[in-house]
Amino acid sequence: IVKLFQKKTISLQKQVSKDSEDLTVNLSNTFSGLEILKLNNIEDKFTTKSFSKIKKLEQSKFKFNVFSESQRNITNTLGFLIFILILIYLIGGPVIDYAKMMLLVQFSMTIVFALPDIFPRYNVVKSSAEIYEKITKPDYPVLVNGKPHNFSFKEKLEVKNLNFSYDNKQIFDDASFTIQKGKKYLIKGPSGIGKSTLIKLLSQTYENYEGEILIDGVDLKTIKNKSISENIAFVYQDVFLFKDTIKNNITLYRDLSDDKVRKAIELSGLSEFMKNKTLDDLIEENGKNLSGGERQRISIARAIAKNAEILFIDEGTSALNPELGSEIEEKIVDLNTTVIAISHRYYPGVSEKYDYVLEISDGKVTTYESKDYFQAEAKYV
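Take 1146 as the starting number for the sequence shown in my numbering and just add one per residue.
Calculated directly from the structure, the hints in this document are not laboratory data.
The structure displayed is predicted, hence computed values, not measured ones.
Do not take every clue at face value.
Below are the BS3-like pairs computed for lysine-lysine, each with C-alpha atoms no more than 25 Å apart in a straight line [what the hints assert, rightly or not]: (1) K1509 to K1314; (2) K1329 to K1301; (3) K1299 to K1208; (4) K1305 to K1329.
Turn these sequences into a full structure, and let the hints steer you where they fit.
The structure is reproduced here in structure tokens:
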């Protein structure tokens, strides 16, 4: 009897295992790439996707539990019926006396009481599904961003009298400088001086500063967070990739045409990588099947596809060999957007392509033309 249900049981159990694995990967993607999700304002899409994965897993578990309970009760019932038939056969004869009748009634009652056991167990599973639905249904209010302005960057970003402390350490002390639209800026300074902190301040990741950061005269603190995230992009040293298609890793789940994605691939230097691939080819979890250079190019392709007004780069090439790093860096400075980058490396003939160097020292930020800066640096080498 058990053999009759074996194939279906194995199939349902495999589905539960697969859905559980899919959910684990999805949650791993979500939490590992949380900063990317927040900076690109796509948390809602991943929340919806996660709830969908949870729902699918719970449905698979529900089907498995119902089938398992049904199988158990059907098996028990059939077992009792077969036992009674055998007993009748052993007793023999169509005529059954009173004692034998009572014995059969007792067995019948056992069978009858076994059947209703299915329904309470079904209700337990059903109620569990309802509890799950109640837990996963968002009952929190949707937060409305009260900031009045949208992001608009036509001329310049100004930093005036910036003061910022972190862990009781003064990072910036009355710092002032200007970023011109379309120009390329390279941030320099010793380790721990505040280079990454500056990028986080300019991107509104940190808001608890004193002084002003103005975009075309509009205070950055009054610009809607969603509007900011839609107009800036990031390239990090450690690129996080989702277990998903090449296209989704570049578009970050935005609705972009294939032509636009292919243009981003071309400009980021991914054409060779894509020769024998399609946009629907799968990238393994966190890009385990890609090289460091391919990962960085995908990160740059993201920024190009997003058509960001400002591209922030935090040591985007430091993990690559010098030749590949120089190649990626050149792709970056050739982009038609404002670039604010951190790099401790010097790439001859490429680093000079930046328009300006922002040097952080003693809490201040000093602006130099890049050629003058690197010529002065060369004197001390």
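Hint check:
1. K1509 to K1314: The hint holds at about 14 Å.
2. K1329 to K1301: 12 Å, holds
3. K1299 to K1208: This hinted pair is violated, its Cα atoms lying about 57 Å apart.
4. K1305 to K1329: Cα-Cα ~20 Å, so holds.
Against the hints set out earlier in the document, a violation occurs for number 3 only.
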